[in-house]
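*Asks:* Here's the letter readout for the chains.
Protein chains: 2
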Amino acid sequence: MTQRSPLAPEAFPDLPPIAGVTMRVARARYKNWDRCDLTYAELAEGTVVAGVTTQSKCPSPEVEWCRDAIPLGSARALVVNAGNANAFTGHRGRAAVEAIAAKVANHLGCLPSDVFISSTGVIGVPLPVDKAEAGLEAAFTAPACGWEEAANTIGTTDTYAKGARASAMIGSTRVELVGIIKGSGMIAPDMATMLGYIFTDAAIEPKLLQQMLSAANKRTFSCITVDSDTSTSDTVLAFATGKAGNAPLASMDDAGADAFQAALGDLCLQLAHLVVRDGEGASKFIEINVEGADSDASAHRIALSIANSPLVKTAIAGQDANWGRVVMAVGKAGEPADRDKLSIRFGVTQVASAGLAVEGYDEAPVAAHLKGQDIEIGVDLGLGEGRATVWTCDLTHGYISINADYRS
Amino acid sequence: MTQRSPLAPEAFPDLPPIAGVTMRVARARYKNWDRCDLTYAELAEGTVVAGVTTQSKCPSPEVEWCRDAIPLGSARALVVNAGNANAFTGHRGRAAVEAIAAKVANHLGCLPSDVFISSTGVIGVPLPVDKAEAGLEAAFTAPACGWEEAANTIGTTDTYAKGARASAMIGSTRVELVGIIKGSGMIAPDMATMLGYIFTDAAIEPKLLQQMLSAANKRTFSCITVDSDTSTSDTVLAFATGKAGNAPLASMDDAGADAFQAALGDLCLQLAHLVVRDGEGASKFIEINVEGADSDASAHRIALSIANSPLVKTAIAGQDANWGRVVMAVGKAGEPADRDKLSIRFGVTQVASAGLAVEGYDEAPVAAHLKGQDIEIGVDLGLGEGRATVWTCDLTHGYISINADYRS
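Respectively, the protein sequence lines represent chains A and E.
Using full-length UniProt numbering, you'd call the opening residue of the first sequence number 1 and step up by one each time.
Using full-length UniProt numbering, you'd call the opening residue of the second sequence number 1 and step up by one each time.
Rather than coming from a laboratory, the hints here were simulated on the basis of the structure.
Treat the hints loosely; a few may be bogus.
Not close to chain E: a few residues of chain A, all C-beta gaps over 12 Å, as computed [as the list claims (entries may be wrong)]:
{"hint": "1", "residue": "A99"}
{"hint": "2", "residue": "Q211"}
{"hint": "3", "residue": "G372"}
Using 25 Å as the maximum straight-line C-alpha spacing, the simulated SDA-like pairs for lysine to any residue come out as follows [claimed, not checked]:
{"hint": "4", "chain 1": "E", "residue 1": "K31", "chain 2": "E", "residue 2": "K207"}
{"hint": "5", "chain 1": "E", "residue 1": "K57", "chain 2": "A", "residue 2": "R301"}
{"hint": "6", "chain 1": "A", "residue 1": "K31", "chain 2": "E", "residue 2": "G360"}
{"hint": "7", "chain 1": "A", "residue 1": "K243", "chain 2": "A", "residue 2": "V122"}
{"hint": "8", "chain 1": "E", "residue 1": "K341", "chain 2": "E", "residue 2": "L356"}
{"hint": "9", "chain 1": "E", "residue 1": "K31", "chain 2": "E", "residue 2": "A99"}
{"hint": "10", "chain 1": "E", "residue 1": "K131", "chain 2": "A", "residue 2": "L356"}
{"hint": "11", "chain 1": "A", "residue 1": "K57", "chain 2": "E", "residue 2": "C145"}
{"hint": "12", "chain 1": "E", "residue 1": "K371", "chain 2": "A", "residue 2": "V122"}
{"hint": "13", "chain 1": "A", "residue 1": "K57", "chain 2": "E", "residue 2": "N289"}
{"hint": "14", "chain 1": "E", "residue 1": "K57", "chain 2": "A", "residue 2": "D296"}
{"hint": "15", "chain 1": "A", "residue 1": "K103", "chain 2": "A", "residue 2": "S113"}
{"hint": "16", "chain 1": "E", "residue 1": "K207", "chain 2": "E", "residue 2": "A250"}
{"hint": "17", "chain 1": "A", "residue 1": "K218", "chain 2": "A", "residue 2": "M169"}
{"hint": "18", "chain 1": "E", "residue 1": "K371", "chain 2": "A", "residue 2": "D296"}
{"hint": "19", "chain 1": "A", "residue 1": "K57", "chain 2": "E", "residue 2": "T22"}
Heads up, the beta-carbon is just placed ideally off N, CA and C, and yes, glycines get one too.
I would like the entire structure built from these sequences, with the hints used as guidance.
*Replies:* Below, the structure is given as structure tokens:
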């Protein structure tokens, strides 16, 4: 891993075990490196699954495999390969996915469709089946590992391991949720846009879990962007082992369903922020709040137009209160906007309202806000009730350095 | 001006005078600099005008002024202020535009609506009327200047003066076209996306000139992008003085209309390429050709998705044949695409076809192509007859350096 992001949390958090989940890692050596790069999670019988995947029109065969298996609702294992995305590899890529599923199914005595698979890394090189199979053999007999080791093993260009936890009371039963995630570049909204895995011991029907995950995704993973580029491999999966012994949740009307949805949403938000905080080259974490838009969807598109604007992102990197670039980004979004009703603030300081700079605008508090690591930009369209929040990072020399010579 | 772009032409071209057009420049000192920053073009009586402006929902008052005046079809003067965009400046910005138009109209004895005005520079600071008026006084009595001086005076972050010429035969009369243009950042398609001015001595009806300019714009200025950011001030105006004495063109069926349209299109393409070649921080000029798409519009959107992808642009900067990022950019465009029919080439070398890398792919010729300054990426969707070409530049440390401390 390269130098730890300046926005990283101080340490990997203390995460509880999840009953019914055993994590193991191994060296498949997908690249010429000496690190674990294959993660294998064994899930107890009866585990249910939900998931969201990339909107890319050129998805990897792993994504297609997961899309087919998610509606069946049951899971026994997860395999994550790091160092090779296996995307755009034609029939050879599909064969590699099928071989992995068959090998794990044979080992566990389950259906191939109970095996969930992700791969991340360079595009266009078929995943070597021999390395995957040898890696799996090693993983099957490896000792169980902790969350941090698993989180490190799914990473590629990540500069730190990312994990988070949440919990909820379902009736009198406390259920735990743990998530690990990887991602720092090729991050854009419009779906999961990274690899994330959530494990819980809660008992819950897969359809309800899917409904809750989709709802959480919409307000979390779909609201972050690093560089507007959408991966071919993005996947978030949630596995529920049912080992907590709560009365199984089957509908949002069940006692504890609201609490579980809240905990799941909280966990997803933590994980999404961890990805932004590891945005390639990031030196600032930026929250963009848009209100007063024509609709929530319109607010979301305007917020993303700001968050993806290279000129806004470089201004923040330069600690430059260049709010004109925010006006530009609102204007280019193609959404309803009236220049003369528009208000903009940085942090708590109003800089422009009703179409021009505020009377007696003092840049000092804005400059002080921009010197910090956590930046907030607020935009009020002054048109309606639509609102949205998105999160992004700044655009720095670090992003260029990382991406101008990633593969070479 | 900062260091001249490595993609700049060797020298400013030799451009002929256009009968009926007199260029003058002056120092309005809109910024604390010692350079001419006000350009004043006096146009002969009878000059007609056409124009295209930004699609931004937050346009500058200059853009609104031009939008109102263009349909009236007649022009006597052009004023371009550099160093201050006067955008998002409310009633004070509008008052500045009206004051400039009034002063020039009074000087020439024409209507205010015959005066066309553009401003470019920082957003959010009202254009100082006193400086504009003093600058105009100086310009009225300044000696006529050449095209290169005018091209330098409309520039801001441009690293070189940009001009081009074309000519056409209308019947037995040769007509000349000259254009000057500025722009290097905040360049995105979806309209003019920069300030460009075209002057011709041809006699032509303003409605036909508008039709021809709009058609040329669609294939030239609307097909370039530097950073996906759309300016609040973008404007391209075409002025025709009629002094060549040709039989006036009134419809595309008139003799010479096709030739004039071709010359205008050629001139616009030259000017558009000059802007891309001065893209902030650019080290490579990139042409992206998409074919086999569902429609021309779909091909255009896919081409722009590739051209605006930070990961594609940084890969080219790093001379890295990372064609997986092209797959990613096709996939994220949201347009019809079938991964398994997709083909990609760099220059003349096919790298992937039918959904995977070509058999025996040799990276050497691609690496050699990427070492050059002029890069071509070809994508064949394999679906239909839709095609499009767009032009962009790479994304380098230079872009970050320029934009992380532009205003400060």
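*Asks:* K218 of chain A and M169 of chain A were given as a pair; does the straight-line alpha-carbon distance stay at or below 25 Å?
*Replies:* holds (24 Å)
*Asks:* Need the status of pair K57 of chain A, C145 of chain E: alpha-carbon distance at most 25 Å?
*Replies:* violated (54 Å)
*Asks:* Could you let me know if the closest chain E CB is still more than 12 Å away from the CB of Q211 of chain A?
*Replies:* About 25 Å separates Q211 of chain A from the closest Cβ of chain E, which puts it past 12 Å; holds.
*Asks:* Within a Cα-Cα threshold of 25 Å, do K341 of chain E and L356 of chain E meet the stated pairing?
*Replies:* Roughly 9 Å between the alpha carbons, so the hint for K341 of chain E and L356 of chain E holds.
*Asks:* Is G372 of chain A truly not at the interface, in the sense that its beta carbon sits beyond 12 Å from all beta carbons of chain E?
*Replies:* The claim holds: G372 of chain A sits with its nearest Cβ about 16 Å from chain E, beyond 12 Å.
*Asks:* Quickly compare the C-alpha distance for K57 of chain A and N289 of chain E to 25 Å and report which way the hint goes.
*Replies:* holds (19 Å)
*Asks:* Between the alpha carbons of K31 of chain A and G360 of chain E, is the straight-line distance 25 Å or under?
*Replies:* holds (21 Å)
*Asks:* Given the hinted pair K371 of chain E and V122 of chain A, is their Cα-Cα distance within 25 Å?
*Replies:* holds (22 Å)
*Asks:* Is it true that the CA of K371 of chain E sits at most 25 Å from the CA of D296 of chain A?
*Replies:* violated (46 Å)
*Asks:* Hinted pair, alpha-carbon criterion (25 Å max): K131 of chain E, L356 of chain A. Please report holds or violated.
*Replies:* OK: K131 of chain E and L356 of chain A at ~20 Å, within 25 Å.
*Asks:* Sort out whether S113 of chain A lies within 25 Å of K103 of chain A, counting only the CA atoms.
*Replies:* holds (12 Å)
*Asks:* Next pair to validate is K207 of chain E with A250 of chain E; report whether the Cα-Cα distance is within 25 Å.
*Replies:* Roughly 8 Å between the alpha carbons, so the hint for K207 of chain E and A250 of chain E holds.
Going through the hint list in order, the structure does not satisfy hints 4, 7, 11, 18 and 19.
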